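Colleague: Read off the chains here:
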Amino acid sequence: MNSKIDHKQYKKENREIVFSPVLLEKAKRIIARYPGGKEKSALLPLLHIAQEEFDGYLSVDVMDYIAQLLNIQPIEVYEVATFYSQYYLEPVGKYVIEVCHTGPCAICGGEKISEYLQKKLGIKNGETTIDKLFTLKEVECLGACGYAPVMQVNTEFYENLDEKKIDNILEDLRQKANVNKANESKWAEKFF
Amino acid sequence: MGRKILLEHIDLPGIRTFDVYRQSGGYSAAEKALKSMTPDEIVNEVKVSGLRGRGGAGFPTGMKWSFMDKKSGLPRYLICNADESEPGTFKDRFLMDKIPHLLIEGLIISSFALGVNTTYIYVRGEFKYIIGILNQAIREAKEKGFLGKNILNTGFNLEIHVHSGAGAYICGEETAQIESLEGKRGNPRLKPPFPAVKGLYGCPTVVNNVETLAAVVPIINMGGTGYAAFGVGKSTGTKLISACGNINKPGVYEIELGLPVEEFIYSEEYCGGIKNGKKLKAVIPGGSSVPILPAKLMITIESGEPRLMSYESLAKGGFESGTMLGSGGFIVYDEDACIVRNTWNLTRFYHHESCGQCSPCREGTGWMEKVLYRIEHGQGRQKDIELLVSIANKIEGNTICPLGDAAAWPVASAIRHFRHEFEFHVENPEIVKKIYHGNIE
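Heads up: the sequence lines are chains A and B, in that order.
With the first letter of the first sequence counted as 1, position 72 gets the number 182 in the working numbering; the numbers rise by one all the way through.
With the first letter of the second sequence counted as 1, position 287 gets the number 646 in the working numbering; the numbers rise by one all the way through.
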């Protein structure tokens with residue numbers, strides 16, 4: 111679990127923390143799924159959306175904004191954001207690569223995949239590349255053990271990995287990163 | 360070839376869509392249940408079927424449903440537990456991905472039986488694409504009049520909402536899941552009160568696994584007695600087994616309970632034998648939390664009879680020589696697997712996933728991880744082995760939720776059956792230090 115909030119990341123420079131009218135509408139629809147007075151139930155989904163919207167991580171001012179949106183105390187947001195491993199409290203790369211290194215993946219070569227990624231990207235577990243494209247994280251079971259070794263890049267699963275596949279995936283992602291941002295659909299819009 | 364009940368139509372092109380699912384006979388159980396059965400009759404059929412919770416605990420589903428407090432006057436909730444996170448388990452993801460309407464139909468029948476008008480599917484945060492698939496299925500079912508207000512003109516109303524977790528194994532535990540759904544940290548609650556009396560928002564709530572709720576569909580179609588004709592003894596029906604590790608054909612298989620373990624591992628219909636012609640060393644048959652068994656005890660019970668894939672047969676011999684069916688996460692290890700390294704790995708997982716509420720689990724999982732790390736890395740001491748047994752014993756049974764037990768059992772069973780490997784590590788640090796991912800350099 112994440113354990114600390116880095117107060118250096120309190121504010122995002124030159125970034126106004128407010129949902130667009132479209133996202134605000136989405137947030138309202140999510141909140142409406144829960145009974146009146148139980149709006150706090152929408153916290154986890156809203157944090158996912160906020161994280162994707164505001165550069166991939168939850169700074170304190172983003173969390174404060176969500177608290178305000180749900181009419182709850184900021185501490186109620188912080189304690190949740192620090193508990194769940196998918197919320198990032200520090201800046202991450204455009205693509206967060208999560209490599210599974212738990213039991214079933216490990217016996218099928220998951221640890222070697224992680225080592226290869228570290229070598230290929232020139233970073234260690236938990237670090238971000240200088241071009242801010244990739245963050246590498248070794249994570250616990252992704253629930254795809256029959257297709258080991260596996261990794262997840264943002265919301266996409268990549269399975270039965272080997273070194274050649276990784277080379278191709280990284281190359282694809284590098285090219286995708288150059289594509290016009292306006293064409294990118296966000297998963298929150300797609301899935302929620 | 361074993362008869363399939365849940366995955367009968369899994370290979371039909373387009374089965375993910377409402378139309379194909381409907382053409383293959385889908386939603387006929389929902390029609391039958393809502394139009395011609397009372398809620399109590401449905402609960403009774405589920406009781407007669409002998410269906411047991413498919414998430415891991417194996418508790419009789421009909422009995423769990425009968426605990427639902429229907430007299431309180433409060434709203435009642437059904438939560439579908441799709442927080443599949445037990446290492447080795449990936450069956451629910453498969454089911455939701457391939458045939459989501461089976462789950463939606465199961466939820467409609469179950470909600471009707473329980474007197475529930477709002478149902479949540481709690482999906483683990485990593486399965487975001489599954490959320491998209493489920494939302495699509497819900498939209499389709501609603502368009503066709505199987506969800507929403509006055510379903511099939513019966514006066515029954517139901518909304519199903521998909522809720523996303525955010526990466527926490529503990530939220531698979533039902534009371535932690537309820538906390539999480541309320542927008543809090545996933546700290547399990549003390550029981551009693553049980554969720555059936557005081558669950559989500561303090562209201563009566565039933566939490567069931569994806570596969571359990573999907574199994575309600577065939578139970579209504581063929582009747583509780585018809586379903587109970589499958590399987591063996593108190594292990595009725597079929598079970599999804601997710602097979603992984605060092606086997607030729609990893610994947611999700613529907614088996615009739617009672618299938619011999621040996622057949623499951625070696626037949627071409629299932630795992631297809633051990634990869635690269637190696638020998639079988641050990642199996643964890645029910646997700647990483649259940650005891651590991653060496654090959655011999657896995658294939659035959661101590662008296663020499665073949666061991667079967669059923670709740671009772673897998674448990675035969677207790678913790679001395681048996682294990683559990685658990686979630687059906689079937690992890691196979693070949694002769695090259697290092698049991699010490701694997702045990703360290705799994706313990707790291709439990710340490711990472713402990714919510715931190717109870718000291719025995721919060722501290723104990725960390726201690727076990729450290730001790731196992733040093734044994735695995737050639738710094739172990741002889742007394743470390745007893746130390747591990749002692750810590751595991753002190754965690755087991757002393758925590759609010761079963762995560763403590765789940766962390767203790769893999770360690771205790773690994774030492775019980777593979778003590779010689781731990782001793783080898785401690786006695787031969789120079790050799791152990793040269794081993795890298797199972798190969799001596």
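I should point out that these hints are in silico values taken from the structure, not numbers from a laboratory.
These numbers come from a predicted model, not from an experiment.
From the three backbone atoms N, C-alpha and C, an ideal C-beta is built for every residue, glycine too.
Worth double-checking, as some hints may not be accurate.
According to the in silico footprint, chain A covers these stretches of chain B (three or more CB under 8 Å from chain A) [said to hold, decoys possible]:
no. : stretch
1   : 423-433
2   : 440-450
3   : 521-531
4   : 537-544
5   : 600-612
Colleague: Give a verdict on every hint.
Modeller: Against the structure, the hints:
1. Residues of the stretch 423-433 of chain B with a Cβ under 8 Å from some Cβ of chain A number 0, which does not satisfy the need for three, so the listed coverage is violated.
2. With a cut-off of 8 Å between beta carbons, the stretch 440-450 of chain B has 7 residues touching chain A; three or more are needed, and the interface restraint holds.
3. Counting residues of the stretch 521-531 of chain B whose C-beta lies closer than 8 Å to any C-beta of chain A gives 7; at least three are required, and the coverage claim holds.
4. Three residues within the 8 Å Cβ limit are the bar, and the stretch 537-544 of chain B against chain A gives 6, so the coverage statement holds.
5. Under a criterion of three residues with beta carbons nearer than 8 Å to beta carbons of chain A, the stated coverage of the stretch 600-612 of chain B is upheld, 8 such residues being counted.
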